Amino acid sequence: MNFLDEKLISQITCIKIYPEFNELKIYFHDDHENYSFNNSDEYDQFLNYLIKVLK
8 MNFLDEKLIS
18 QITCIKIYPE
28 FNELKIYFHD
38 DHENYSFNNS
48 DEYDQFLNYL
58 IKVLK
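If you want the working numbering, it's the 1-based position in the sequence shown plus 7.
These aren't lab readings, by the way, just hints derived from the structure by calculation. Quick caveat, the model's predicted, so the values are computed rather than measured. Don't take each hint at face value.
Computed list of lysine-lysine pairs in DSSO-like fashion (alpha-carbon distance at most 30 angstroms, straight line) [stated by the list, open to error]:
#, residue 1, residue 2
1, K32, K59
2, K23, K59
3, K32, K62
4, K23, K62
Whole structure, please, built from the sequences with the hints as guidance.
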């Protein structure tokens, strides 16, 4: 699963997690580009992916 490549991960400035809504938002340096997951499957998959990549 390849949501974000390593170059993009290094440009993340903020990750906001809203567990009560199964929502996750990712902001980058330019603030114009962001990812938002509010589907519970995407949310879970991305959190697992992010944990794996950031280890």
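Verification of the hints:
1. The suggested pairing of K32 with K59 holds, with an alpha-carbon distance near 18 angstroms, which does not exceed 30 angstroms.
2. The straight-line distance between the Cα atoms of K23 and K59 is roughly 18 angstroms, inside the 30 angstroms bound, and the hint therefore holds.
3. Distance check on the hinted pair: K32 and K62 sit about 20 angstroms apart at the alpha-carbon level, within 30 angstroms; holds.
4. Between K23 and K62, the direct Cα distance comes to roughly 19 angstroms. Compliance with the 30 angstroms bound is thereby established for this hinted pair.
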